[in-house]
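J.: Following this note's numbering from start to finish, the sequence shown increments by one per residue and tops out at 130.
Quick caveat, the hints were computed from the structure, so don't treat them as lab data.
Mixed in with the good hints there might be a few duds.
[To be verified] Mimicking DSS-like on lysine-lysine, the simulated pairs with C-alpha atoms at most 25 Å apart in a straight line are: (1) K78 / K20; (2) K22 / K67; (3) K95 / K106; (4) K22 / K106; (5) K78 / K22; (6) K78 / K67; (7) K20 / K106; (8) K67 / K38; (9) K38 / K106.
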Amino acid sequence: MTQQLKLKDEQRAQVRTILYNHAKEMIRLQAEIATLRLDVTPLLEAEPVDLAKVKQQFLAIAAKDVDLHMAHVTAMQEIRKVLTPEQQQQFKTLQGRMMHEGRREHQGRREHHERD
15 MTQQLKLKDE QRAQVRTILY NHAKEMIRLQ AEIATLRLDV TPLLEAEPVD
65 LAKVKQQFLA IAAKDVDLHM AHVTAMQEIR KVLTPEQQQQ FKTLQGRMMH
115 EGRREHQGRR EHHERD
């Protein structure tokens with residue numbers, strides 16, 4: 015990406031810092047989500063199942079998932095601020111391609127699982 019956008023050294027350093035901090039945030043949020051998901055099993059194994067607690071746990075997971083997506087959007091917006099208007103347009107095009115490829119890859123995995 016940095017080569018395609020022809021970033022200057024200062025821009026490259028700023029983008030690298032943004033991506034580093036973003037990666038750390040993603041790891042933290044993914045760990046929190048995994049922990050919250052682990053806590054669902056005991057709730058479902060309880061007799062009787064407290065549906066209010068289960069719902070509350072699912073809502074907590076959903077909220078963290080929103081945080082995860084917002085962290086990504088925020089990082090992308092921070093990167094855009096570092097770019098020139100021309101680079102921003104290229105970045106937008108690259109993001110569109112990456113999203114399209116990601117959807118296609120996700121669709122392929124889903125079709126593979128459906129065949130299993």
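J.: Each hint: holds or not?
T.: Evaluated hints:
The straight-line distance between the Cα atoms of K78 and K20 is roughly 35 Å, outside the 25 Å bound, and the hint therefore fails. Proximity of K22 to K67 is assessed by CA-CA distance (about 52 Å); at most 25 Å being required, the pair is judged violated. Taking the CA atoms of K95 and K106, the gap is near 12 Å; set against the 25 Å cutoff, the hint holds. Restraint check: the Cα-Cα separation between K22 and K106 comes to about 18 Å, which is no more than 25 Å; the hinted pair holds.
Our distance criterion of 25 Å between C-alpha atoms is broken by K78 and K22, whose separation comes to about 35 Å. The hinted pair formed by K78 and K67 meets the criterion: a straight-line CA distance of about 17 Å does not exceed 25 Å. A C-alpha spacing of about 14 Å is found between K20 and K106, which places the hinted pair at or below 25 Å, so the restraint holds. Note on K67 and K38: the hinted pairing is violated, with a Cα-Cα distance of about 30 Å set against a maximum of 25 Å.
Among the hinted pairs, K38 with K106 is consistent with the structure: their alpha-carbon atoms are about 24 Å apart, no more than 25 Å.
When held up to the earlier numbered hints, the structure conflicts with 1, 2, 5, 8 and fits the remainder.
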